[in-house]
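First to last, the protein sequences are chains A and B.
Going left to right, the first sequence walks through residues 1 to 731 as my numbering numbers them.
Going left to right, the second sequence walks through residues 1001 to 1517 as my numbering numbers them.
Incorrect hints may have been included.
[What the hints assert, rightly or not] Pair ranges (Cβ atoms, derived): (1) T329(A) x P1147(B): 58 to 66 Å; (2) E414(A) x V1018(B): 42 to 50 Å; (3) G604(A) x V1018(B): 30 to 38 Å; (4) N503(A) x P1149(B): 19 to 27 Å; (5) T207(A) x P1147(B): 55 to 63 Å; (6) V1200(B) x R494(A): 24 to 32 Å; (7) V1482(B) x D652(A): 36 to 44 Å; (8) D52(A) x K1388(B): 14 to 22 Å; (9) G1042(B) x A506(A): 48 to 56 Å; (10) L1150(B) x D598(A): 52 to 60 Å; (11) G75(A) x L1150(B): 16 to 24 Å; (12) R429(A) x R1130(B): 30 to 38 Å; (13) N503(A) x N1478(B): 44 to 52 Å.
[To be verified] Taking lysine-lysine pairs in the PhoX-like style, the calculated list, with each CA pair at most 20 Å apart, reads: (14) K1300(B) x K644(A); (15) K1421(B) x K1300(B); (16) K1059(B) x K1138(B); (17) K644(A) x K1366(B); (18) K672(A) x K698(A); (19) K1388(B) x K1366(B).
The set of hints was computed from the structure by calculation and includes no laboratory data.
Think of the CB as a built atom: it goes at the ideal place given N, C-alpha and C, for glycine as much as any other residue.
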Amino acid sequence: MTQSILSHERAYGAHPTVQVLTDRCAGCQECVIRCPTGALSMETLRWVASADDDLCVGCRQCERTCPFSAIVVEGPMLVEPRIEPEPVHPARLLGDISEIRSGFAGWPEALAEAERCLQCPDPTCVRGCPAHNDIPGFIASVRARDLEGAHEILRRTSTLPDVCSRVCNQAAQCEGACSWSLAGGVAVSIGRLERFIVDNLEVAPPTRSSEANGLSVAIIGSGPAGAGAAWDLFEAGAMVTVYEKDATPGGLCVWGIPDFTLREELATRPWRQLSRAGLDLRCGTEIGPDDIDGLLFTHDAVIVANGAGVPLRLPVPGADLDGVVDATTFLQGARAALEFGGDQQGFRSSLGLASDDDSRTPNVLVLGAGNTAMDVARTARRLGMNATCIDWLDERFALARPDELEEARHEGVEVCFSRTLTALRGEGRVARAELARTTQDRADRRPKVLSENPEGREVDLVVMAMGYRLDPAFTDVLPGTPVRKESHGVADRRWTASGILANHNAVGQLALGREVGLWAATLPVSDRLWVVGDALTGPATVVEAMAQGRRAAAAVLDARPARPSRQDREQWSGPRRVLVCYESVGGKTARAAEAIADGYSAQGVVARVLPIARVGAAELAATDMVVVGSWVEGFVVAGVGPAKGMRAWLADLPRLGGKPVGIFCTYGVSPKDTLGEMRRSFQERGAVVVAQAAFGPKELDAKAGVFGPRAFGEELALQIMTNEATYVPVE
Amino acid sequence: MTYEVEDRESRLTDPVAVAIRLRPQQREGIGERFDASDPHQGLDIARNPLIARILHNRKFQFLLILPNQIIFWTVIFVGLMGTAVPGLNFGAAITWYVWFCLVFVMMVVVGRAWCAMCPFGGFAEWIQRRSFFQRTQKTLGLGRKFPEPLARMGFVLPVGSFLLLTWIEEYFNIAGPGNPASTSFMVIGIVATALVFFLVFERRTFCRYICPLTSVIGTIGSMGSVAGFRTRDRDKCVSCQTKDCMRGGDEGFGCPWYTWPASSDSNLYCGLCTECYKSCPEENIGLFLQKPLTSVVAPKRRRADVAWAVALLFGLVLYQQLNALSFYNSFDGWLNTHLHFPHYPNPVAYLGMILLLSVVIAGAAKGIGVLSARRDIEFDRPGNFIDKDSRFRAYFLPIAYGLIPVVGADYFARQLPKFFKSAPRVIPAVQHMFGFAGVNSPLYNARILSDPRIIVVQVCVIALGTLGALWAMLRITNRELVPVSRNALLVRTTTLGLVSVCGAVTAVLYVAMQAAN
């Protein structure tokens, strides 16, 4: 690192300067503990931060983390230029499906790029990565030429490093959240470093735990979400059965991503390894929504990971003409056609395109300019067609990877942004597309369609590649899906503190939204039923689906669910974990929560007590019973109900499929319908409210000898110990 | 059936946490830095469940602001629409006969109590937060940072705005006996300026850097017995990874005043808004009381901007005393003739005298430094206005802090005549709004105290302030000046002598003002 800085300084002369605004610096040390180079320390007498300009590299992490904007960095960023291997474009595109993107040529390039990493103490790239790979950790291993160590670090958070390093949109994830990138510079090439690791040392096969844990889990779908869940469950010793409707496992990674981006051998690698190790993979087995109950009867848990495979169609006049197909049809057919010995002519004919002897090159109009659309267009080019992508978004807000867009254009794909299709015309078969211009001023605003300057295009084939949606047949039986990846309320302050959300950074906001999906994956949508990946949150990325699958696997292993027919059900579940959480203002509700926990302890059950501000999906997922209490807000009779903080918390609750919940409140005059309001919130989220109690001043008096919080805790403890199979809901 | 008591370890851990390798916090020296200024844990009134409940309630500050909001909008409307007779106009009467005096009482006892209930900042903050009291996520406005060069001036900037406002008040003779319409325009001006600043800059930039009263309340308020919101356990705050009190949490906004309760060593910048108390998820913040003058004596970090603010504010109040003497009218008239300025007060005389008087105070401190400072100590450290150190600053800064009680007493004493003579007029002024009472009302002509007695009270106030200043200056001198001085007796004598002289001069000036009347 030092060498890198010095060489830059020699080359450019300038050096960054740090100004601490000592009038406002509160000495909280948020910048000091996060400075990658140790350029900041504390000045003891005045208790303000002090900067050593000589050590500063200009990454501006301090600026982003200071809560009071009391630090300013000016000057250049001292970092070497990024090592950027050029894509390998085939000399003759037609029929060539060789991989376009290349990794580093060797160790010198990889080491030079690894040296660019600042090894940030609070790495924003880790938060930007949907799987939360320990990026500084594996880069440090690369620096130490320790590929095994790097694999070990990657293995903690990812089962698909070879896939993710090739298909991830790093610019919007880890690299977009790199400190250099957040400071306006060029990010470390994290994706290529990850690829370097897996290119030079293959991902090791799963190591199954020596002790089979007896857990039987069914996974529906073998896409990235299924792979993430299956791998971890299998390694933990569970009996995993994977049901895949296609003949080849891999789901979208196989049929949705062309070989020139991700070779099939890599997409199917985890399944080959898992099958060889003994996982029960049942390809060609379609599971419908009606089959889920049957699976729940025969398995302890079911994980639905069947993706979002229904292609979106644009409802424009002429959409039902011949020659209008969806991306799935096109990509699946093209894959077979482009394989060694595939029938390209037959595929073209199946699309109704003219034969080879027609000298005219067919024009394919691809609707959309996201990654799927790029795949379609680039595949079309390899099949000898002219391809044009249109997207109604402004190019500034394009959804495709920037490098993919560049590659597509290099391969001759015409990409037109700010255009939308208004109609398709033709006699039986599509022959002309009518387009309108659009305008969009912000990423979160819908583009406006303009009536001026409409244009027409002669087309031979239209491929609708705007994306996919969930199968409504499944969403109907999977309560709470799809989950909206929107973060409500104040952002997690640990995220704010890291600096990833500074300056309204879009990458940070996206990452924060993804957390909602990741944690939602840990909670069952109903009793013993988990949903992950695109099936849970709608179409997303490979890495996100894989990460959700792993979270669900951890949740299943943590919850140890048991099917009703299981013989060892009681022993299997083991000691129960109870979480008592509360919203308190004067301390009464907090004391009641403590007393309830005492009641549990008296019956031999351990209960954890936390304020609701510290209870999120992780805490809820890691407990077998939840007891929730609130003080009663309102004036005697007006506005009486759960405290506002409790209401907000309840509004943001994720699904709590089948989880037993006890509720209580503390009041001064009357609780009115406080418990009813709380109960309904839990019931709407699939929880089973098993007991409720309102404690007035009399009940809160420990000496009064009436039914108080402690007795309530004891009653709940008895329920969890003796009645867990058949909790009786409170009405 | 029984269950084992042991807890099952959860597999659901946040993978981000594994990758975080924060540098260790520096704790060395933190104890000594804050030992003297940390309030006693027993003086945390937020331990009382009822007070805790009130402070947690988001409507608390709203309910503090609301009555003042009503009063000051009434001031604006009545000032413009009501009678021109100042004593009968509610706007002028409440503002100049009661409010100003009450604010001084509040600041001397509580510190920034007024800031917690201020309708000017409060109104602008409601708009900035788009809420009267709820914790909102998105604010209205540009949320800019206050420009650094200006922020570095600290309290000097608001002293400037206070001097400007005072000059305008003197020029238009708004306060005494009171000009209702001008009072309204002045209040509108303050509200409008506050609103603009709240919409352009983040948090309470206006209150910290611009508000004309902030320097007065900040400096004189440091005599107060409320330490403000402080940490209960500093270790916990230092280790805290989220700093909700600064960034804002689920229940409260981040500190609008840019104060961290764990490093607050005085009540200088605690606006008592309760946001840090509400947002701390660990309940690690308390509302502490302290002995009077603790925030004058105890802080180890002396701020140059505060010291200059004290000197300038002292200069201003001395100027106001001097301009009540008979010689000043002829001096002002002479200056106006030569400078072709048509009106009292002449800005050159106004600013010139204030600067001169504050430079005299600073000069006295410099003189003490020259006489006493040890030769073997290197005082000089380069830096900007707020950061640099020198021998002059090593003496001037602590001495200026030590003078705060005299300055506070002087300001308070200056308000007393108006209060004693005219405060009862507020009642007929209220009645007048509803069509009752007039100049013949007994209360209109009633006085709480008359002139000779007022002088006695004023001198007593000054004497009390001087005694407080002597005590504070002795403590400050012993702790901060004796170690850097050659002769302890000399430095004690000179600093305490300076306090005595300042006290005596202000007291004598009150007597002289009475004689001039």
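Okay, the hints, checked on the actual structure:
{"no.": "1", "hint": "T329(A) x P1147(B): 58 to 66 Å", "verdict": "holds, 60 Å"}
{"no.": "2", "hint": "E414(A) x V1018(B): 42 to 50 Å", "verdict": "holds, 46 Å"}
{"no.": "3", "hint": "G604(A) x V1018(B): 30 to 38 Å", "verdict": "holds, 33 Å"}
{"no.": "4", "hint": "N503(A) x P1149(B): 19 to 27 Å", "verdict": "holds, 22 Å"}
{"no.": "5", "hint": "T207(A) x P1147(B): 55 to 63 Å", "verdict": "holds, 59 Å"}
{"no.": "6", "hint": "V1200(B) x R494(A): 24 to 32 Å", "verdict": "holds, 30 Å"}
{"no.": "7", "hint": "V1482(B) x D652(A): 36 to 44 Å", "verdict": "violated, 59 Å"}
{"no.": "8", "hint": "D52(A) x K1388(B): 14 to 22 Å", "verdict": "holds, 19 Å"}
{"no.": "9", "hint": "G1042(B) x A506(A): 48 to 56 Å", "verdict": "holds, 50 Å"}
{"no.": "10", "hint": "L1150(B) x D598(A): 52 to 60 Å", "verdict": "holds, 57 Å"}
{"no.": "11", "hint": "G75(A) x L1150(B): 16 to 24 Å", "verdict": "holds, 22 Å"}
{"no.": "12", "hint": "R429(A) x R1130(B): 30 to 38 Å", "verdict": "violated, 56 Å"}
{"no.": "13", "hint": "N503(A) x N1478(B): 44 to 52 Å", "verdict": "holds, 49 Å"}
{"no.": "14", "hint": "K1300(B) x K644(A)", "verdict": "violated, 41 Å"}
{"no.": "15", "hint": "K1421(B) x K1300(B)", "verdict": "violated, 42 Å"}
{"no.": "16", "hint": "K1059(B) x K1138(B)", "verdict": "holds, 19 Å"}
{"no.": "17", "hint": "K644(A) x K1366(B)", "verdict": "violated, 57 Å"}
{"no.": "18", "hint": "K672(A) x K698(A)", "verdict": "holds, 17 Å"}
{"no.": "19", "hint": "K1388(B) x K1366(B)", "verdict": "holds, 16 Å"}
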